[in-house]
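Peer 1: Residue-level listing of the chains:
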Amino acid sequence: MNALVLACADGIPGPAPEEWLWLRTADVRVVRGLCRDSDIIARHADGASNLVLAFCSADLPRSPVQAAVRRAGLDPLGVEVVDLRVAAEDIERLILILEAAVARARSFAGSAPENARMILPKAVTRRSLLKLRIAEYVAVPSIEPSRCVADRGCRACVEACPRGAIAFSGAGVSIDPARCDLCGLCTTACPVEAVVDPTVTPAQLDAQVRALLDPSIGPRGPRGILFTCRWSRLVEKTAGWYPVVLPCTGMAPASWLLAPLLLGASAVAVRPCTDAGCPLGRDEVVHERVSFSRRLLTAIGWSEDRVGAAPGDALLAPVPGPGHAAHDVFAPGAAGHVLLALAERGTDGHAFALEHPGSPVGIVEIRADACTVCGMCARTCPTEALVFAPRDGCVDITFDGVRCTACGQCVASCPEVARGAIALRRLANGDVLSRGATRLVGSDIASCLRCGQPVAPLTLLRRVAEILGPEERRMTRLLESYCLDCRAIGIPVSDEPPSATRHSDAGAAMTIRN
Amino acid sequence: MTARSGMNGLARLRQGLYRFIAAGLLPPDSERMTALASAIAVIETSTINGFAFATWWHPLAADLDDPPSIDVLEADYVRLFEAGVSEPPCPLVESAYLRLPGGPGALLVDLDREYRRFGLAANPLVALPADHAVLQLEAMAALCAREDEATERGDVVEARRVLGEEERFLDRHLARWFPVMARRGAMVAGDGFYGTLLTAARAFVHHDRDLVATLAGGHRLEAVG
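Line by line, the protein sequences give chains A and B.
Under our numbering, residues 1 to 514 are what the first sequence spells out, in order.
Under our numbering, residues 1 to 225 are what the second sequence spells out, in order.
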């Protein structure tokens, strides 16, 4: 089975397009009247592995198209739709856009039943609604439980949702589709790709952008990538600029604005869906991320004009380099790698440091005098940038900057945050990103007097003793001397001070029996 | 379910699908499998493609075209739903998916009360507990049939009242646990008939909850009606 592009002949310039319009990666059928008769889709698409529909109008009712796609045995959420007007009479441009749409369609990994949200027809009577025969759907994100780390305390998606549509309960994270405004912020806020919109996965973006930047197809000359909004009615025809559609441009982290430069793009732009700005109010977020990207480019020795809020008039030559990148550059954990790879093509290597609210990476700072080394931050960290690493009677908390997505879950989970134990700085620092895991803080671990098993870090026990106060000396001694299992069997604890003591590496006042 | 019965009305289609799933989740026998194969042929020619869950129903038709032997189906059924010594991976009863400190008694009483309110009673020949998926699916099918009758005779008020009952029953019972069970079951079952059936059933029940909430939602209807 091959991928198929089904194009409306009425929107393709030039005579007899069925004779010259062909693609390397898909079969092409050019059909007259495709935009007027959705039954054509079911007839032609039956047996295709993936489908791209190229329409000459953006105002087609979606429900009959979706029904026809289902009749052909395909999932409508996996079908790419191209507006033929973006080709602007340029045949090579049309071929490139179609090849890229095929690449994106081929990367569709399937949807879940929870990804389809029904939309009511715009004008129906009550009676006809009860006899509804066909419905229209849009894609909504869903949670992939096997990847979700909410059980470790992560609430990145819950915090990111501006509509309060995502909630955590004992059964895990759930999305209320009725409250979701389809902005996609949750999908990029999730550091482990557990929130999935099957129509805009990192793999799909990667495939489409790489195809759009493939120099072996399409018009010659530098190319720009323009991230546009799904709801935009604007048709992008500017020569050299190629649209990549997102549910909302506000979802794109700064690393997405920079990643295409690694793949051979000359420039990247983000445009809101209307001239009046984003109706969902994400303009400030977009502005912040564009601003970070521009300042980072300056910091590494490139022109800031390579990233902007609208397509520029003249495209610069592409950033020198191999024109490909090893990492899946749109994956949530890839931001650090993208910044490093871009800096390596700049003038000063990894010598850059930029603190900015739009930074897609961060640096975790822990104050040793306030941190108890309880490990909650590392337990919660979805990307394992922070790691709780026990070794030989002590424990370290380490930090690997290149894994950090600045999600802030470590700060949210810290029980000592009020004392300033932990802080996240939105700082992109080349040295930190390239350094690998380094120790932030550590503590000796108290061992159980009875069985020898580890009890807890000494710094944590010291803090517990401080909270309980001197009147709870016996309780403190029990907690610091025995593990949970041995405490459960009821060991008597003396009021007397311990006969032998061992000090923590932090020089704690609290002591523990050997 | 026969071709003569037709499935063009939305409520009629939903009734048929609920009954199909209920029959599919009874212990397999060859007569029932033949009936399911005939039923899926009718479903495939219905308006099902107008709805998103159709994507997960097409593979069922292919499976029932060439169904596995009853021996294989029986083995799968026992493994998934009825394993003897230990608890099966996906029991077909609601109480298995809720944390009920006092046991399932209150749940069963509540369900019994719901069925009686709908004017329904479990067939005494079918020895299934009140919280069994088959009974809950059949209850929804009966409500859909009532909604269909009301719609056909133009009684929008009664149709909306029944829709309200459906919404309540889905929210309180079926949609609360069935998709969880079906997801788990499909993962255990893999590509076999029960994997396909459970995925199709999960897609339909999930969709139906949204659909019924939308249709029953007065504020949205007021806006368009």
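Check each hint, because a few of them may be wrong.
A partial selection of chain A residues facing chain B, derived with a Cβ cut-off under 7 Å [what the hints assert, rightly or not]:
| no. | residue |
| --- | --- |
| 1 | P113 |
| 2 | A135 |
| 3 | V138 |
Derived Cβ-Cβ restraints for the label pairs, each shown as a range [unchecked claim]:
| no. | chain 1 | residue 1 | chain 2 | residue 2 | range |
| --- | --- | --- | --- | --- | --- |
| 4 | A | I134 | B | L128 | 47 to 53 Å |
| 5 | A | W231 | B | P129 | 47 to 53 Å |
| 6 | A | R147 | B | L128 | 32 to 38 Å |
| 7 | A | R163 | B | G164 | 23 to 29 Å |
| 8 | B | R116 | A | A418 | 53 to 59 Å |
| 9 | A | P219 | B | S69 | 58 to 64 Å |
Over 12 Å on every C-beta distance to chain B, these chain A residues come out as not near it, computed from the model [unchecked claim]:
| no. | residue |
| --- | --- |
| 10 | A72 |
| 11 | G73 |
| 12 | E92 |
| 13 | S107 |
| 14 | A112 |
| 15 | L120 |
| 16 | Y137 |
| 17 | R163 |
| 18 | P219 |
| 19 | S232 |
| 20 | P357 |
| 21 | A456 |
| 22 | C486 |
None of these hints come from the bench; they were simulated from the model.
From the three backbone atoms N, C-alpha and C, an ideal C-beta is built for every residue, glycine too.
Peer 1: The structure should be examined with respect to each hint, and the outcome stated for every one.
Peer 2: The hints, checked one at a time:
no.	hint	verdict
1	P113	holds (4 Å)
2	A135	holds (6 Å)
3	V138	violated (10 Å)
4	A/I134 - B/L128: 47 to 53 Å	violated (35 Å)
5	A/W231 - B/P129: 47 to 53 Å	holds (49 Å)
6	A/R147 - B/L128: 32 to 38 Å	holds (36 Å)
7	A/R163 - B/G164: 23 to 29 Å	holds (26 Å)
8	B/R116 - A/A418: 53 to 59 Å	holds (55 Å)
9	A/P219 - B/S69: 58 to 64 Å	holds (59 Å)
10	A72	violated (9 Å)
11	G73	violated (6 Å)
12	E92	holds (35 Å)
13	S107	holds (18 Å)
14	A112	violated (8 Å)
15	L120	violated (6 Å)
16	Y137	violated (5 Å)
17	R163	holds (17 Å)
18	P219	holds (37 Å)
19	S232	holds (24 Å)
20	P357	holds (37 Å)
21	A456	holds (30 Å)
22	C486	holds (30 Å)
Hints 3, 4, 10, 11, 14, 15, 16, counting from the list given before, are not met by this structure.
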